[in-house]
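2 protein chains.
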Amino acid sequence: MADIFLRGAIEEAKRGLSEGGIPIGSVLVCDNQIIGRGHNQRIQKGSVIHHGEMNCLENAGRQKADVYRQCTIYTTLSPCPMCTGAILLYRIPSVVIGENVTFKGAEDLLRDSGVNVDVVQDPECIQIMRAFIAANPGLWNEDIGV
Amino acid sequence: MADIFLRGAIEEAKRGLSEGGIPIGSVLVCDNQIIGRGHNQRIQKGSVIHHGEMNCLENAGRQKADVYRQCTIYTTLSPCPMCTGAILLYRIPSVVIGENVTFKGAEDLLRDSGVNVDVVQDPECIQIMRAFIAANPGLWNEDIGV
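Chains W and V supply the protein sequences, listed in that same order. Number 16 in numbering that gives the first Met the number 0 belongs to position 17 of the first sequence; there are no gaps in the numbering. Number 14 in numbering that gives the first Met the number 0 belongs to position 15 of the second sequence; there are no gaps in the numbering.
Check each hint, because a few of them may be wrong.
If several chains are the same, the list does not tell them apart, and a pair holds so long as it fits within one copy or across any two.
Said to hold, decoys possible - In the DSS-like style, the derived pairs of lysine-lysine whose C-alpha atoms are separated by at most 27 Å in a straight line are:
(1) 103 with 44
(2) 103 with 13
(3) 63 with 13
(4) 63 with 103
Please keep in mind that the hints were generated in silico from the structure rather than gathered at the bench. Remember, it's a predicted structure, so these values are computed and weren't measured experimentally.
Bound conformation, chain W alone:
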């Protein structure tokens, strides 16, 4: 059973799926509270920048630097280079990743930059992405620039 915050990210992924979107979700946690949540918006907004983590950060709004420094960002899938870059820009010190079986992003860059990375390999996260990719390979490739 995923922890409560990863569960929040999974709920976001499922919300995306129910909207016809790519099922990747994220929550931003500070001081044991969710201060932002979001999910991939490629289909819903026709967006190329609203990946799950990006949409979560955008929804969290303009936070002070010292808030980001106390945050953990939860994401159902290993962060791509763009989302990794956003985490590094705002110096978020900790990332919990639902899974990196279906896609491995720029985790090494996170670790090399001193970010604490925890990969859970949550079975539900893996199942959601496996099913989506199998049914929508073109969309999925578009989302990761392939």
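Starting from the structure of chain W, add chain V where the hints point.
Chain V alone, transformed into the frame defined by chain W:
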């Protein structure tokens, strides 16, 4: 005199400034045509993800992978880690940077990843950012996560 595409990015930066925003602009060029343009939207949209390059990519819309592979992105300022990550995600092979005197982003990561990086050191780009940072140090620090 900046080339026509860098001029387009500078026009975007000035548009941002005229809206009360952070003056960083960008254009995306494919086949000698501008296919997207944008500018930083931190103030205008209350956005933490719409940096100049990100707003430009968003405005260009959903492009096919092989379009991005033929693009050059022009930006008035050295790309931060987030914008660098977006360039790497979509495998844009070439970046023209107006200046890196007032801020140096993740150019080394771009170069190490095989991206062609051209830093112009355009006097107008430098002047615009110097004036903005001097007048708005807090806003500027917020934009780069400091």
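As a check of your reading, is residue 103 near residue 13 (CA-CA no more than 27 Å) within one copy, between copies, both or neither? within (20 Å within a copy, 39 Å between copies)
At 27 Å max between alpha carbons, let me know whether residue 63 reaches residue 13 within a copy, between copies, both or neither. between (30 Å within a copy, 26 Å between copies)
Give the relationship of residue 103 and residue 44 under a CA distance limit of 27 Å: within one copy only, between copies only, both, or neither. Within. Shortest intra-copy distance 25 Å satisfies the 27 Å Cα cut-off; inter-copy 31 Å does not.
When Cα atoms must be at most 27 Å apart, do residue 63 and residue 103 count as within-copy, between-copy, both, or neither? Classified as between: cross-chain Cα gap 21 Å, same-chain 30 Å, threshold 27 Å.
The earlier numbered hints are all upheld by this structure, with none contradicted.
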